[in-house]
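Engineer: Sequence:
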Amino acid sequence: MAEAIRLICPSDELENSGRGFRFTVSRYGREIPAFVIRFDGRIYGYLNECGHVPAELDWMPGEFFDDSKLYLICSIHGALYAPESGRCLGGRCQGKGLKPLKMQEIDRQIYLVQEDNDG
Numbered sequence: 001m002a003e004a005i006r007l008i009c010p011s012d013e014l015e016n017s018g019r020g021f022r023f024t025v026s027r028y029g030r031e032i033p034a035f036v037i038r039f040d041g042r043i044y045g046y047l048n049e050c051g052h053v054p055a056e057l058d059w060m061p062g063e064f065f066d067d068s069k070l071y072l073i074c075s076i077h078g079a080l081y082a083p084e085s086g087r088c089l090g091g092r093c094q095g096k097g098l099k100p101l102k103m104q105e106i107d108r109q110i111y112l113v114q115e116d117n118d119g
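Going by the numbering used here, the letters in the sequence shown line up with residues 1 to 119, in that order.
The hints are simulated quantities; they were obtained by calculation from the structure and are not laboratory data. Yeah, the Cβ is synthetic: ideal placement off N, Cα and C, and Gly gets one too. Where hints are given, some of them may not hold.
Using C-beta positions, here's what the derived DEER-type ranges look like [said to hold, decoys possible]:
#	residue 1	residue 2	range
1	Arg108	Ser26	22 to 28 Å
2	His52	Thr24	19 to 25 Å
3	Val113	Gly78	30 to 36 Å
4	Met60	Thr24	24 to 30 Å
5	Ser75	Arg108	29 to 35 Å
6	Trp59	Arg87	17 to 23 Å
7	Gly95	Asp12	18 to 24 Å
Please take these sequences and the hints and turn them into a complete structure.
Structural biologist: Spelled out as structure tokens, the structure:
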């Protein structure tokens, strides 16, 4: 399966446990909201959908972290997710985690790694 990379944003757009960067990915014939964040010095990307219902997580554009800056939080349900894995930690997500995206940081740029079947 071939992979392609797509430039998402410059690395300096992402501060540790700070504002995330929103973008879209093409899946299932439609554009789906997604985001990338930096946590503990590493980048992580996910589809911007709560594990409970397909509602966007951020309570304001790009604001994905809770007040402690340790967890991602759903703006609608208050479900908490581990930033480094997308795993559900509590709330209405009932064990359903976030859907991860393969991201890379190369030469101070953030890229999405897409497989051919991503659409």
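Engineer: Has the hinted range 19 to 25 Å been met by the Cβ atoms of His52 and Thr24?
Structural biologist: holds, 21 Å
Engineer: Return holds or violated for the Cβ distance of Ser75 and Arg108 against the range 29 to 35 Å.
Structural biologist: With a Cβ separation near 30 Å, Ser75 and Arg108 satisfy 29 to 35 Å, so the hint holds.
Engineer: Kindly confirm whether 17 to 23 Å is satisfied by the beta carbon distance between Trp59 and Arg87.
Structural biologist: holds, 20 Å
Engineer: Between Met60 and Thr24, does the C-beta distance stay in 24 to 30 Å?
Structural biologist: For Met60 and Thr24 the Cβ distance comes to about 18 Å; the hint is violated.
Engineer: Range hint 30 to 36 Å: satisfied by the CB atoms of Val113 and Gly78?
Structural biologist: At 31 Å between Cβs, range holds.
Engineer: Does the hinted range 18 to 24 Å hold for Gly95 and Asp12 at CB?
Structural biologist: At 35 Å between Cβs, range violated.
Engineer: Do the Cβ positions of Arg108 and Ser26 conform to the proposed distance bound of 22 to 28 Å?
Structural biologist: At 26 Å between Cβs, range holds.
Hints 4 and 7 from the earlier list are contradicted by this structure; the remaining hints agree with it.
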